[in-house]
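Engineer: Each chain, letter by letter, is given below.
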Amino acid sequence: MKYLDEFRDEELAQHLAREIRQIATRPWAIMEVCGGQTHSIVRNGLDQLLDGAVEMIHGPGCPVCVTPLELIDKALHIASIPGVIFCSFGDMLRVPGSHMDLFRVKAQGADVRVVYSPLDALRIARESPGREVVFFGIGFETTAPANAMAVHQAKLQEITNFSMLVSHVLVPPAIAAIMKSPTCRVQAFLAAGHVCSVMGYWQYSPLVEKYKVPIVITGFEPLDLLEGIRRAVVLLEAGTPQVNNAYERAVSFEGNKSAQKLLSEVFEVADRSWRGIGKIPLSGWRLRDAYREFDAESRFKVSTITAEESPLCRSGEVLQGNLKPNECPGFAKECTPRHPLGATMVSSEGACAAYFNYGRFVPVESIQ
Amino acid sequence: MLVPRISTMAVSSPWSQFSEPEQMSSVAQPDFSQWSCPLPLRDYPLIVMGHGGGGRLTSELIEHIFVPSFRNAALEVMADSSVLTLPAGRLAFSTDSYVVQPLFFPGGCIGDLAVNGTVNDISMSGAKPLYLSAGFILEEGFPIAHLAAIAERMGAAARAAGVAIVTGDTKVVEKGHGDGCYINTSGVGVISMAGPCNGSIAPSQARPGDVVILSGTIGDHGMAILSVREGLEFETILRSDTAPLNGMVESLLRFAPHLHVLRDPTRGGLASSLNEIAGQSKVGILIDERKLPILPDVQSACDLLGMDPIYVANEGKLVAIVEPGCADDMLRVMHESPYGRDAAIIGTVTAQHAGILAAKTAIGGTRVIPLQIGEQIPRIC
Amino acid sequence: MCLAIPGQVRAIYDSFGMRMGRVSFGGIVKDVCLAYLPEIAVGDYTIVHVGFAITQVDEESARKTLENFREMGLLDEEFGEVV
Chain E
1 MKYLDEFRDE ELAQHLAREI RQIATRPWAI MEVCGGQTHS IVRNGLDQLL
51 DGAVEMIHGP GCPVCVTPLE LIDKALHIAS IPGVIFCSFG DMLRVPGSHM
101 DLFRVKAQGA DVRVVYSPLD ALRIARESPG REVVFFGIGF ETTAPANAMA
151 VHQAKLQEIT NFSMLVSHVL VPPAIAAIMK SPTCRVQAFL AAGHVCSVMG
201 YWQYSPLVEK YKVPIVITGF EPLDLLEGIR RAVVLLEAGT PQVNNAYERA
251 VSFEGNKSAQ KLLSEVFEVA DRSWRGIGKI PLSGWRLRDA YREFDAESRF
301 KVSTITAEES PLCRSGEVLQ GNLKPNECPG FAKECTPRHP LGATMVSSEG
351 ACAAYFNYGR FVPVESIQ
Chain F
1001 MLVPRISTMA VSSPWSQFSE PEQMSSVAQP DFSQWSCPLP LRDYPLIVMG
1051 HGGGGRLTSE LIEHIFVPSF RNAALEVMAD SSVLTLPAGR LAFSTDSYVV
1101 QPLFFPGGCI GDLAVNGTVN DISMSGAKPL YLSAGFILEE GFPIAHLAAI
1151 AERMGAAARA AGVAIVTGDT KVVEKGHGDG CYINTSGVGV ISMAGPCNGS
1201 IAPSQARPGD VVILSGTIGD HGMAILSVRE GLEFETILRS DTAPLNGMVE
1251 SLLRFAPHLH VLRDPTRGGL ASSLNEIAGQ SKVGILIDER KLPILPDVQS
1301 ACDLLGMDPI YVANEGKLVA IVEPGCADDM LRVMHESPYG RDAAIIGTVT
1351 AQHAGILAAK TAIGGTRVIP LQIGEQIPRI C
Chain G
2001 MCLAIPGQVR AIYDSFGMRM GRVSFGGIVK DVCLAYLPEI AVGDYTIVHV
2051 GFAITQVDEE SARKTLENFR EMGLLDEEFG EVV
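Protein chains in written order, with the working numbering: chain E, 1 to 368; chain F, 1001 to 1381; chain G, 2001 to 2083.
Hints in this document: simulated from the structure, not taken from any laboratory. None of the values given here were measured: they were computed from a predicted structure. Beta carbons are placed, not taken as given, at the ideal position from N, Cα and C, and that holds for glycine. Incorrect hints may have been included.
[Claimed, not checked] Under the rule of at most 16 Å between Cα atoms (straight-line distance), these lysine to aspartate or glutamate pairs were calculated in the EDC-like manner: (1) G:Lys2064 / E:Glu327; (2) G:Lys2064 / E:Glu248; (3) E:Lys2 / G:Glu2059; (4) E:Lys301 / E:Glu132; (5) E:Lys257 / G:Glu2039; (6) E:Lys212 / E:Glu248; (7) E:Lys301 / E:Glu70; (8) E:Lys155 / E:Asp295; (9) F:Lys1360 / F:Asp1308; (10) E:Lys106 / F:Glu1375; (11) F:Lys1171 / F:Glu1060; (12) F:Lys1360 / E:Glu70; (13) F:Lys1171 / F:Glu1140; (14) E:Lys301 / E:Asp73; (15) F:Lys1360 / F:Glu1276; (16) E:Lys2 / G:Asp2044; (17) E:Lys180 / E:Glu209; (18) E:Lys2 / G:Glu2039; (19) F:Lys1360 / E:Glu10; (20) F:Lys1291 / E:Asp9; (21) E:Lys155 / E:Glu308; (22) F:Lys1360 / E:Asp9; (23) F:Lys1171 / F:Glu1139; (24) F:Lys1291 / F:Glu1230; (25) F:Lys1291 / F:Asp1328; (26) E:Lys155 / E:Glu293; (27) E:Lys2 / G:Glu2060; (28) E:Lys180 / E:Glu317; (29) F:Lys1175 / F:Glu1139; (30) F:Lys1291 / E:Glu10.
[Unchecked claim] Where chain E lies over chain G, by a calculated footprint (3+ residues, C-beta under 8 Å): (31) 2008-2014; (32) 2031-2042; (33) 2053-2062; (34) 2065-2071.
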């Protein structure tokens, strides 16, 4: 695929990795915010290629992992209502709520459907006029434009049997929350490239000003990640915290104005609770009053559900980068992808699942 | 003689949604004029509960659909069981059930999978597949024309593989209790006593130093299915790779006893098969992802949906694990088979990291490839 | 959050008032909403996430980035391991 394969070139990857190993004078702690980046790093073996030159800390950029437990339980409740068609991205199906997950709810007879796009859910609603269709609208800023358009179109086309369960979270407040934490070890950030395709990167300068950490806008393919890490190391070595765009082919300073316009029409900023971290003020989006009729939480009046996390789960510490998955006592014992205790073990981007799936509990040195 | 009324419930050919429908099946609509009873069937060409009852309706299905499609002497005896003579040797026996959705997809249908799948399972022990059974569980309301198309494909697949479907059964469940059509096929084959391998080919036989050979491109079937699944559809030239591998296997048996393992990586993909072999043989397996034959469209589809081809199902591929001295010759033999043109050496068996499948990644890093929990699902992250 | 891949716009059409495109991803074709890229034209490349085009690929920039990587690789080979 053009503009994808070239950024997976083995030889160039080796060069970039070598360059990083040469210029890093100490193992800088760099956090990649986005779960998709975590996935790519581990799946391609990038961290091994770097051979300890830097320490990659896996951040909370996994909307699946940070969706609050109460919201998962609400989703399960709504999906179980007879007649409801509950549509979701595949990622959410295995995320455990207090007692169950969407797979189990489906096994009990609920109509749960995996879709690729929120427009697919809208189409299902249009084609099934007698049924309530609910879409689980999770994600960071990258996914918000799609979700916004679906709700906007539902209103325009008067598809009244469609509603969305919204759980949108924002990256800049997450970075601020991490930096504010007294146990924070992060020295530089790789910001999520596609979030910035939508929002631009003008929001990151104040963060650099305040916390004096380099923030490098980074893509997802091996070469993009290595280049992002390289630029972060250059800035760290020079002691010059800045915002730097290493994903120029897909990111501009202002971002996509067209998308931002509809986002501000459909959504407004709200406090959000992040699973494993707690409440971060003004860190999410909810539907505005003009679109309240399409808000599934209002439509289905789900009363406050008391959610219970497993006492063993330490996802929060993992999400903040303070604990490596294989340092958690429950890792690969009580907590495995088959019996996940927390969301970071479920989502394939969750740091714990990535570690488990790509075998970080096996001494990798033994594999030649 | 009653003049058949024109059916008021026209059922379109299940192939019409795909390109080249004419090549898939000549059976668009069975000719009910030859069916003896009951009259309403001509106007209602759908499966009803009675078709599973063992009476006249069931006989009609057998007479007009199964026997003409499967065409063999043993079946036409129509006794409760089929009595067969097997050549001398050890018996290989396999069973599998097929519940794929949708029933018809680019490159084939549930019928192709049902025949080829069982033929291949038998072949993987080094046996020559001979006879199959076919059990159908049909849902009330299922179009008979679709059943006819499935049966026709099964007959054709059986003939292509050189096996016969010699016995079968049909049951019908109430509407809403089945997905149209489920099929179970069981099969028997024989490992000749005089032959070279005689039961020494098994997943527990891989040894350090052995070479891992893959017969062709991975992920074709699974992605072809996803391309027509609701909510995920995309346009593609991808087709299922369903195929009978017994011919290829027969040409590989000459390498026994140096041929240690044969496996067809179906559900769970190549990753699952290699993990199982590593576990059962108590060895490590190291593959080189750069050597995996993958069609560009499969890679693109996987990139689009966030999936990994190494976990995607195949229906016409095999993995062979063989001593290093024979690897190049075996590769040459595979290339001569119509189903092995893209065969490649993809890795080695090692004494290290026993039970674990590892890989050199496309950029030269390494990763462990674990068994997946459940099915792979598309993701957005 | 961010699985998005580059594809080429092959055709543009309208569906229920939304600007849509048929986008090819290395041979796979999918219908994609182009509402957020009013300027994009047939033949252009775009990054697509969950069925929506979120940005146009700056092809010149892509070419330059790869060239930089290659140059870095060449320098690396010329000078070998430098402390």
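Engineer: Hints first: check each against the structure and report whether it holds.
Structural biologist: The hints, checked one at a time:
With a C-alpha separation of about 41 Å, the suggested pair Lys2064 of chain G and Glu327 of chain E falls outside the 16 Å cut-off, and the hint is violated. Distance hint between Lys2064 of chain G and Glu248 of chain E is fulfilled; the C-alpha atoms sit about 10 Å from each other, no more than 16 Å. With a CA separation close to 10 Å, the supplied pair Lys2 of chain E and Glu2059 of chain G stays within the 16 Å bound. Taken as a hint, the Lys301 of chain E and Glu132 of chain E pair is honoured in the structure, with Cα atoms around 14 Å apart against an allowance of 16 Å.
Distance restraint check for Lys257 of chain E and Glu2039 of chain G: the Cα-Cα separation of roughly 12 Å lies within the 16 Å cut-off, and the hinted pair is therefore satisfied. At roughly 23 Å between alpha-carbon atoms, Lys212 of chain E and Glu248 of chain E are farther apart than 16 Å, so this suggested pair is violated. Taking the CA atoms of Lys301 of chain E and Glu70 of chain E, the gap is about 14 Å. The hint holds against a cut of 16 Å. With a C-alpha separation of about 12 Å, the suggested pairing of Lys155 of chain E with Asp295 of chain E holds against the 16 Å cut-off.
Between the alpha carbons of Lys1360 of chain F and Asp1308 of chain F the distance comes to roughly 15 Å, so the proposed pair stays at or under 16 Å and holds. For the proposed pair Lys106 of chain E and Glu1375 of chain F, the alpha carbon gap of about 15 Å is at most 16 Å, so the pair holds. Between Lys1171 of chain F and Glu1060 of chain F the CA atoms are separated by roughly 14 Å; this keeps the pair inside 16 Å, and the hint holds. About 41 Å separates the Cα atoms of Lys1360 of chain F and Glu70 of chain E, which puts this hinted pair outside 16 Å; it is violated.
In summary, the hint linking Lys1171 of chain F to Glu1140 of chain F is supported, as the alpha carbons are separated by about 10 Å, within the 16 Å threshold. Proposed proximity of Lys301 of chain E and Asp73 of chain E is supported: the alpha carbons are some 13 Å apart, at most 16 Å. In summary, the hint linking Lys1360 of chain F to Glu1276 of chain F is not supported, as the alpha carbons are separated by about 19 Å, beyond the 16 Å threshold. Pair hint Lys2 of chain E plus Asp2044 of chain G holds up; C-alpha atoms about 12 Å apart against a cutoff of 16 Å.
Annotation: proposed proximity of Lys180 of chain E to Glu209 of chain E holds, straight-line Cα distance about 14 Å (limit 16 Å). With a C-alpha separation of about 21 Å, the suggested pair Lys2 of chain E and Glu2039 of chain G falls outside the 16 Å cut-off, and the hint is violated. For the hint pairing Lys1360 of chain F with Glu10 of chain E, the CA-to-CA distance comes to about 11 Å; that is within 16 Å, so the pair holds. For the suggested pair Lys1291 of chain F and Asp9 of chain E, the alpha carbons sit about 15 Å apart, so the restraint of at most 16 Å is met.
As the CA atoms of Lys155 of chain E and Glu308 of chain E are separated by approximately 36 Å, the hinted pair breaks the 16 Å bound. In summary, the hint linking Lys1360 of chain F to Asp9 of chain E is supported, as the alpha carbons are separated by about 14 Å, within the 16 Å threshold. Pair hint Lys1171 of chain F plus Glu1139 of chain F holds up; C-alpha atoms about 9 Å apart against a cutoff of 16 Å. With a CA separation close to 33 Å, the supplied pair Lys1291 of chain F and Glu1230 of chain F exceeds the 16 Å bound.
For the suggested pair Lys1291 of chain F and Asp1328 of chain F, the alpha carbons sit about 15 Å apart, so the restraint of at most 16 Å is met. Between Lys155 of chain E and Glu293 of chain E the alpha-carbon distance is near 9 Å, which keeps this suggested pair within the 16 Å criterion. The suggested pairing of Lys2 of chain E with Glu2060 of chain G holds, with an alpha-carbon distance near 13 Å, which does not exceed 16 Å. About 14 Å separates the Cα atoms of Lys180 of chain E and Glu317 of chain E, which keeps this hinted pair within 16 Å; it holds.
For the suggested pair Lys1175 of chain F and Glu1139 of chain F, the alpha carbons sit about 6 Å apart, so the restraint of at most 16 Å is met. Only pairs whose Cα atoms come within 16 Å are accepted, and Lys1291 of chain F paired with Glu10 of chain E is accepted, the gap being roughly 13 Å. Using a Cβ-Cβ cut-off of 8 Å, 1 residues of the region 2008-2014 of chain G lie near chain E, which falls short of the minimum of three, so the contact claim is violated. For a cut-off of 8 Å, the count of residues in the region 2031-2042 of chain G with a CB near a CB of chain E stands at 5, and the three-residue condition holds.
With 7 residues carrying a beta carbon less than 8 Å from a beta carbon of chain E, the region 2053-2062 of chain G meets the three-residue requirement, and the given coverage holds. Against chain E, the region 2065-2071 of chain G contributes 4 residues with a C-beta closer than 8 Å to a partner C-beta. That satisfies the three-residue criterion, and the hint holds.
Consistency note: the structure conflicts with the earlier hints numbered 1, 6, 12, 15, 18, 21, 24 and 31.
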